[in-house]
Each structure stands twice: as C-alpha cells, then as structure tokens.
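Q: With the hints as your guide, set chain B onto chain A.
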Amino acid sequence: MNIFRTALLLAQKDLYSELKTKQIMVTQIIFAGLVIVVFSFAFDPANNTTKAVIPGVIWVIIVFAGILGLNRSFISEQRNDTMQGLLVAPMEAASIYLGKFIANFAMMLIVELVSIPFLFLLFDFKFYGSIPYFILVVFLGSFGFIAIGTFLAALAANSKSSEMLLPLLLFPITTPILIGVVQATRIILTNMEKFSSAVAWIQLVTAYDIIFFVVCFLLIDYVLEV
Amino acid sequence: MIEIKKLTKQADNKLILRGVDLSIKKGETVAILGPNGAGKSTLLKVLATLIKPTSGVIKINGMDLKKNHIEIKKIMGYLPHSSLLYDHYTPLENLIFFGNIYGVKNVEQRAIALVKEVGLSFFLNEPVKNFSRGMIQRIAIARAIVHEPEILLLDEPHTGLDQGAIVILNNVILSMKAKGTTTLMVTHDFKQAAEICDRIIIVKNGKIVDDFRIENHNLGFVSEKYEQLVEGVS
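Chain order of the listed sequences is A and B. According to my numbering, numbering within the first sequence proceeds without interruption in unit steps and concludes at 226. According to my numbering, numbering within the second sequence proceeds without interruption in unit steps and concludes at 1234.
Treat the hints as calculated values from the structure; they're not laboratory data. Warning: the hint list may mix true and false statements.
As the list claims (entries may be wrong) - Once the Cα atoms are required to be at most 25 angstroms apart in a straight line, the calculated PhoX-like pairs of lysine-lysine come out as:
hint	chain 1	residue 1	chain 2	residue 2
1	B	K1129	A	K20
2	A	K160	B	K1014
3	B	K1129	A	K22
4	B	K1067	B	K1005
5	B	K1052	A	K160
6	B	K1129	A	K160
7	B	K1225	B	K1025
Stated by the list, open to error - Simulated restraints on C-beta separations:
hint	chain 1	residue 1	chain 2	residue 2	range
8	A	F127	B	S1121	50 to 58 angstroms
9	B	T1054	A	Q203	39 to 47 angstroms
10	B	T1008	A	G56	51 to 59 angstroms
11	A	N158	B	G1019	25 to 33 angstroms
To be verified - Here are some chain B residues the structure puts well away from chain A; computed CB gaps all over 10 angstroms:
hint	residue
12	T1008
13	D1012
14	E1028
15	G1056
16	G1062
17	K1067
18	G1160
19	V1167
20	R1213
21	V1230
Just so you know, these numbers come straight off a predicted model, no measurement behind them. C-beta atoms are modelled at their ideal positions from N, C-alpha and C, and glycine is treated no differently.
If we strip away everything but chain A, and leave its shape as in the complex, we get (with noise of 0.2 angstroms):
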C-alpha cells in the first residue's frame, strides 16, 4: 500500500507543480492547436476523404505532445538533484516511477480532452462510431505509451542529449502501440462494419500495455540509481 500513497502524494507534487508553474501542459495544448490549424489548412474539411487523414492527426497530437511532457517529466528531477531527496526518501523506485506515470497519464488526457473536441470542431467531423469505443482506444494507446514513455524518459535523463534520446528509443518500441491504435481509431471512426477488426487491434494493445507496464514498473530500480 506504501507504493501508491508514495506514487500518489508524487503524482499530487507534479500536478501541483506543473499548476504552479504551467510549464508542460501549456506548451502540449499549444503544439496540439497548432497540429490541428496546420492540418486543417491543409486539408479541406469539406472534403469527404479528410475524414481518413483524421486517425492520423489524432495520434500525432497525442505522441508528439506526449513527448514534451516526458522529455520534461524527469529532468525537472535534475535541478537541485531533487531525485536524490527521492531515492533518498524511504520508497521503493517502483513507487517514482508510478507517481511519474500518473501525473504525466493525468496530463496527456487533460490535452486530449481539450484537443480531440477542437480537432473534430475544425475538421466539422459528424460521430457515427461509437463514442466508449473511441475513448477506450485512446485511453488504451496513451496508457502504453506514457508507460513506456515515462521509464523511457527515466533512462535518457541521465544523458546530456536527453531530449534527442528520447524519442530515439521510444518510437521503436512503441511501435506496436501505434499501429494498433491508429488502426483501431481509423475502423471507429469511419467503418464501424469492421468493428470485430478493431477489436483485435484493442486485445493487441490492451495485452502491449500490461507487458510493458509490469516490465518497466519491475525493471525502475536498475534504471534510477544515480
């Protein structure tokens, strides 16, 4: 039980933190904006094939964004060696890496939920799919990704090229991830006949994300050592 109360009162001083000092989310909501004006400009939402191009942008927006929160998310640990009062501090590194995961997971659907509407707003998208099958799909796709993502994070901040490190590892091994969601998104969105498709796209994911997510919450400890 010690593990969540240590991760949650972890996840509270980031949440609390990034209010404070409004350094990560305000820069995914803006990047997001700007994916969304760009790709609307570019694409005539008038147009009835845009509506393909639609999936595409949704998981640029949440992989992208994503990976300005975590790029973020352990090197703000680095200034005044703030990790060190947390390893020093009586919990397990399970625990950082689960309070990490929580706060930038809370951050990612803050942004989806502000950037999704507008997308479907700008791109005057009508909804004929199912809606609890979309949230899950994207539930599901950012849950693996900032789990792979925030041990990821937690691994390249001890190199001085962090932010180029980053992406470099995390692209290939959430690749799985990606083309599970994107596919399952484009069959809710658009061609819901196919729908038993897309449910095993989701089984694919859903098992990617548990794997991944023991892994990286058993392999932290090895990973956090200064």
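A: Just chain B now, kept in the frame of chain A:
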C-alpha cells in the same frame, strides 16, 4: 548503530572504496576528512542508499542495508551539496511534501516550527527560487531533519554559508546530538569539524587511514594529524 565491514565500491574499473571497516555508536558525531577524490562522498552516498556497494556488509541498527533499505531510510536524514528542494515551491510546501513522504504526523506544524528554527519564518510562503544560497541551505537542513532522523548524513554542509548560517547549522547539529542523533559529516572545514564532532575519521585513497577522538575542540591536533597522514605523504 552503524557497522560497515569490508565495503568496496568500484566504478568504471576504478576502486573508489577499498575495504572500509567502520563502527559508529549511537549518538556519536563523526567528521570524515580527506583530500578530494578520497571516497568520502561515495561512502556517504552508499550509506544513504543512493549507490549500491560492489561488496561488503552495512548494518544499521542491526538491519542489513540491502534487505531493509526502506526501514533504514525512515531513520536517515541526508544533506548533500545540493539543496534537494523544489525551486518553485515555498519552504512550507517543500517541507510538507517531504514530511508526507516520510509519514510525519502533524506535518504542517512541524514544517512551520522547522522554518522558524532555521530563522526564516518571514519567508514561509516565498518560493525557494528567490532565496540566497545561505537561506536555501537553511531550508535544506530543515528538509533533512523534517522526520527527526536517528542518523544524519551531511556532505560538506558548511560550504558557501555565511557566519549566521554556520551558527544555525551547528546549533541544529548539536541539538540533534543532544536528542541522541548519530551524525556523519564529510567536510573540508577542520574548524567546524573540531567544533562539533567528537570523533574524526581520515580517508585517503578509499581507505580509512586514521580514526581518533578529539577533546576540547582541539583544532591544532586535527590539522596536525591530517597533515601527517595526507599532505605529508603525498
């Protein structure tokens, strides 16, 4: 209280600690002296569980550091060179956060009392980023003792402090000592070591080369011993 046997630490083929054997009793205030690169801070980091030793056994209060690290961390306070404070947080927010992590009861009252003790009660709600080095160090001291640790590990705590901050730091260490806290202090400041410590350990090339007690704050005796062992030989 602290039992270290045959402790070694190797990093990148370099042996930083070469078989350290050390026994420290409860309530002792011990200064660790030595030249740069001798392994003093590494010894402290191993005790603080920040780095894992290559070999050797460390027992604190009879508990093995490897197996009972969470229990040991609860009774340990660590103050390194850096403040370990969140810049945009106020002293109160910093102390409440760390106090909660350590499971301190009535954490807000404890935090307010500590800020008052280090003489910064007027700055209770100012972000730490606006503070001077001395003020930050005072809050860092408060952070290290927020959970009333039984063991205090201090890494060059007097560096960069003005006279007022040195007096406050020494008072804190002495008041903790009066409560029975065991203190290990890595320092280059012989004057402060002689002032507040009752035992001196000299480390050179990853080994303890001398271990003696001092009486009557005899600074001359400490300097003489150090020169003989460290500067005289090198």
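Q: State for each hint whether it applies.
A: Now the hints, each set against the structure:
Distance check on the hinted pair: K1129 of chain B and K20 of chain A sit about 13 angstroms apart at the alpha-carbon level, within 25 angstroms; holds. At roughly 23 angstroms between alpha-carbon atoms, K160 of chain A and K1014 of chain B fall within 25 angstroms of each other, so this suggested pair holds. With a CA separation close to 16 angstroms, the supplied pair K1129 of chain B and K22 of chain A stays within the 25 angstroms bound. For a cut-off of 25 angstroms, the pair hint linking K1067 of chain B to K1005 of chain B stands: about 16 angstroms separates their Cα positions.
Proposed proximity of K1052 of chain B and K160 of chain A is supported: the alpha carbons are some 23 angstroms apart, at most 25 angstroms. For the hint linking K1129 of chain B to K160 of chain A, the alpha-carbon distance of about 24 angstroms falls within 25 angstroms, and the restraint holds. Simply put, K1225 of chain B and K1025 of chain B have alpha-carbon atoms about 23 angstroms apart, close enough for the 25 angstroms limit, and the pair holds. For the pair F127 of chain A and S1121 of chain B, the beta carbons lie near 57 angstroms from each other, so the given range of 50 to 58 angstroms is met.
At roughly 45 angstroms, the beta-carbon separation of T1054 of chain B and Q203 of chain A lies within the given 39 to 47 angstroms, and the hint holds. Between T1008 of chain B and G56 of chain A the Cβ separation comes to about 55 angstroms, which falls inside the hinted range of 51 to 59 angstroms. Between N158 of chain A and G1019 of chain B the Cβ separation comes to about 29 angstroms, which falls inside the hinted range of 25 to 33 angstroms. In this structure T1008 of chain B is separated from chain A by more than 10 angstroms, as the shortest Cβ-Cβ distance comes to about 17 angstroms.
At roughly 14 angstroms, the least C-beta separation between D1012 of chain B and chain A is larger than 10 angstroms, which holds for a residue marked as non-interface. Distance check on E1028 of chain B: its Cβ is at least 21 angstroms (rounded) from any Cβ of chain A, clearing the 10 angstroms threshold; non-interface status holds. Taking the minimum C-beta to C-beta distance to chain A, about 17 angstroms, the non-interface status of G1056 of chain B holds against the 10 angstroms cut. Every Cβ of chain A is farther than 10 angstroms from the Cβ of G1062 of chain B; the closest lies at roughly 18 angstroms, confirming the non-interface assignment.
Its beta-carbon lying about 14 angstroms from the closest one in chain A, K1067 of chain B satisfies the requirement of being farther than 10 angstroms from that chain. For G1160 of chain B, the condition that its CB be more than 10 angstroms from all CB atoms of chain A holds, with the nearest at approximately 14 angstroms. Its beta-carbon lying about 24 angstroms from the closest one in chain A, V1167 of chain B satisfies the requirement of being farther than 10 angstroms from that chain. Distance check for R1213 of chain B against chain A: the nearest CB is about 29 angstroms away, which clears 10 angstroms, and the non-interface claim stands.
The non-interface label for V1230 of chain B is consistent with chain A: the shortest C-beta to C-beta separation is roughly 27 angstroms, beyond 10 angstroms.
Hint compliance for this structure: no hint is broken.
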